[in-house]
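Number of protein chains: 2
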Amino acid sequence: MTDYTAKLQALRAHLAEVSLLNGISAALYWDQMTYMPRGGAAVRSKQLAYLSQQTHARFTDPALGKLLDDLMPYAESLPADSDDAALIRVTHREYQRAVKVPAELVAAIAQHTSETYQVWTEARPANDFSRLQPYLEQTLNLSYRYAECFAPYDHVADPLIDAADYGMKADDIKALFSQLRAALVPLAQAITDQAPADDTFLHQHYPSEDIERFTTDVIKRFGYDFERGRLDKTAHPFAVRLNSGDVRITTRYPENTLSDPLFSTLHEAGHAMYEQGIKADYEGTPLAAGTSAGVHESQSRLWENVVGRSYAFWQYFYPHLLSIFPRQLNGISLDQFYRAVNKVERSLIRTEADEVTYNLHVMIRFDLELQLLEGTLRIADLPEAWHARYQADLGVRAPDDRDGVLQDVHWYGMLIGGAFQSYTLGNILAAQFYAKALSEHPEIPDEIGRGEFSTLHSWLRENIYQHGSKYTAPELIARTVGKLDVTPYLTYLRQKYGALYRL
Amino acid sequence: MTDYTAKLQALRAHLAEVSLLNGISAALYWDQMTYMPRGGAAVRSKQLAYLSQQTHARFTDPALGKLLDDLMPYAESLPADSDDAALIRVTHREYQRAVKVPAELVAAIAQHTSETYQVWTEARPANDFSRLQPYLEQTLNLSYRYAECFAPYDHVADPLIDAADYGMKADDIKALFSQLRAALVPLAQAITDQAPADDTFLHQHYPSEDIERFTTDVIKRFGYDFERGRLDKTAHPFAVRLNSGDVRITTRYPENTLSDPLFSTLHEAGHAMYEQGIKADYEGTPLAAGTSAGVHESQSRLWENVVGRSYAFWQYFYPHLLSIFPRQLNGISLDQFYRAVNKVERSLIRTEADEVTYNLHVMIRFDLELQLLEGTLRIADLPEAWHARYQADLGVRAPDDRDGVLQDVHWYGMLIGGAFQSYTLGNILAAQFYAKALSEHPEIPDEIGRGEFSTLHSWLRENIYQHGSKYTAPELIARTVGKLDVTPYLTYLRQKYGALYRL
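Top line first, the protein sequences correspond to chains A and B. 1070 is the number of the first residue of the first sequence in the working numbering; add one for each residue after it. 1070 is the number of the first residue of the second sequence in the working numbering; add one for each residue after it.
Just chain A, with the same shape it has in the complex (with noise of 0.2 Å):
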């Protein structure tokens, strides 16, 4: 037992110092996002190189995984719900990941997708998708090499959805896609058909620093804690953990827009505060981190949209907001706020998409994704793709490149697959563990009434974040809400808009 005792001791010095790079990296990406100034960014993007190189030397190396199999036994011989014995099982099998893919790839992705970002940031102002098109053919190629490091594999897309969203394959994906858009085409087609809910005041001057003052006020309310955290302004929202004690949000406050920024706000404070709930013990550990991207994105569409969208929110708070923008809200009363904020359309932008269609903008990238992937189209179609696709499922279709196929990072900053179908998976498992909690503390809503959130917050750390990434997911769901299912999400959408357009 003291072999083990010193071997564990060891595994959490070596991971220690992983994690002491993780998070420098954090820092550095937060500053590249924020402050830094134009004049850094060359430099930064090699610091960012380079230690993308040393974690994944450090991370992969064979000393490691001989500590891990020295390891496995005694994990095997713990309870099963010890921290020790998943700290020993999680690292495993993050390490098996690992020395999957050569260290030669992952520079040349982090290098590539680094590129791509930066071509990307000009190319999309510009509209100029044939810049980009040489950039996306080498990406897709990349993608094919990450994959092809996973064979056998049943679909190609499987291991870059497994990687964000452990234990899914593109079948499980596309089966849960078809129920849920069996239900939602008729449901948005029922609310389309309906004279549209008037949100133009949203769409006026609303001083930004007031702005601030209002969602700063709201998130610690919900419980984000300031002092491990901060809120700074940036191009592209984000939420970015740098060690348990410091867990930064980002927004933005374009012109005229009140909802862009605050429920940016709320939905990177969702992801942040799933990150200041790791139990701290877990610092310098793989178990310190959201167990995957769909659980984590439940949290942020759970603050985002179940909470901060519900009509018992803005009971309380719009008074709040009436009184820091009398003018701009005069004559709006509480209930045509509530319709304007779940306004729900035929858009064009997915990150500003009601509730409804939100998830429509998701499979058609999803499903344009896995087409790349297998081949059945070409990077070259890929704009008139969108199009066709955004046409035929939304019916609208964008004047340009710039909000159709340019409009999302993902693709410019990262692999092509296993990125989109997290959002849904979030908007599901939202809903899920919202009504678990709903059921255990029926007082909920009335306390979001009130402006108090802190039963909501004790389920979610006690239930969800405090595990970090001990369980993973399906691990988590089946130990909270048993399986993932689409029904509690259909019932909370049906409910909602079919009371807000009396259906």
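Hints listed in this document are in silico derivations from the structure and should not be mistaken for laboratory results.
No copy labels: a pair is met if it fits in one copy or bridges any two.
Result set (DSS-like, lysine-lysine): computed pairs, CA atoms no more than 25 Å apart in a straight line:
1. Lys1348 / Lys1115
2. Lys1552 / Lys1243
3. Lys1115 / Lys1076
4. Lys1302 / Lys1289
5. Lys1289 / Lys1505
Bear in mind the structure is a predicted one, so any value in this text is a computation, not a measurement.
Knowing the structure of chain A, use the given hints to seat chain B on it.
Only chain B this time, still in chain A's reference frame:
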């Protein structure tokens, strides 16, 4: 020759990694001092300690020593002012210095000074020297151990001084300081015999955003490049080079003072313009840094004082300032303002001291350091020795240790010895460099009077900035002004203050 080319390339590759690591540390340090939430502190300290170990390990790698030894004959075969020769020579010298200090001692110093700094941040506001006493005793012990690595030496402070101001020894500084003291004491006496200037109007509420608007305009005109830098708030202002494209400055806005933030910002901009002006080719090598602490300080003091407190400067800028603060400066003439920002007084705080008495503050610290290192003063007696020296030299006594021995961070964040002489060297050199620039470009004061600084900035860039560490401080001084000489500085002070006080 091909062999040399390959080795030079290998040298550059090795140094590029060290440079990346240094730049990463600089970015994390900047974040720590500006935006990092409290919760991030514990992990940040570990990250910085880890990076400092990595950097030391890479820079003291015997493979680097072998490369440098192999390349030295090549360096000697090149023209003396060749960049490649300088790279080899300077790196060889720094390598020789670095390998003398064991990694264990480097780590011990990093950890101890970081802990001491944390204690100081709490003990200073609490006016509690006793908490710091055991820390300082250990610091003194580490200072000895560091100096021992460079034995034999003439004075135990010599290795510490040499690390900051290459080529200088304790005896050199003592000689210089006694020459300066002989002139400054009567000058300060003659001035403070007169009625003090009225500067009460500087001590009222000046909104920080208005001060920042003014200083931003000034330093842009100086030539500080915001595309390759930025200005943020911190507790103790500093400038930091992240890389050639990213040199940031920080300032603070204490309550009820205009001078502190104003001159702090100009001071840090001086440091930053030096770093921004270094030849871009040197990026990734030890040449990409100011050559010594004294030369660095000459640039901050030149822009802060020689330029920023000159009559010509305020002839142009006072009307601007008046338009920003019409209420605060109501009825204050240019002459009154100029006298106020050049008020000479026997005061307690070094960083707020005027140009005439500033060096007396430095000399107190320098002498006390030498006594500590010589063993003629015990740490326990340091607070009272501080008071006694302030009484004797400046005729004032701080009401407590907070503004006494605890006032400066240096002893609580670095080793004891070698930090303070640079300030006075900087003052002396600032006057020498400025006099030299003026002798070649007599139009400079007229330009300053028009808010133009390009001739001065170009001269400094051409003669000082671009070279980075290519030349040692003695070499750079030899190339520009011959030798270190207090005469121009005393002439400058006598002319300026002679006119102000009709001496």
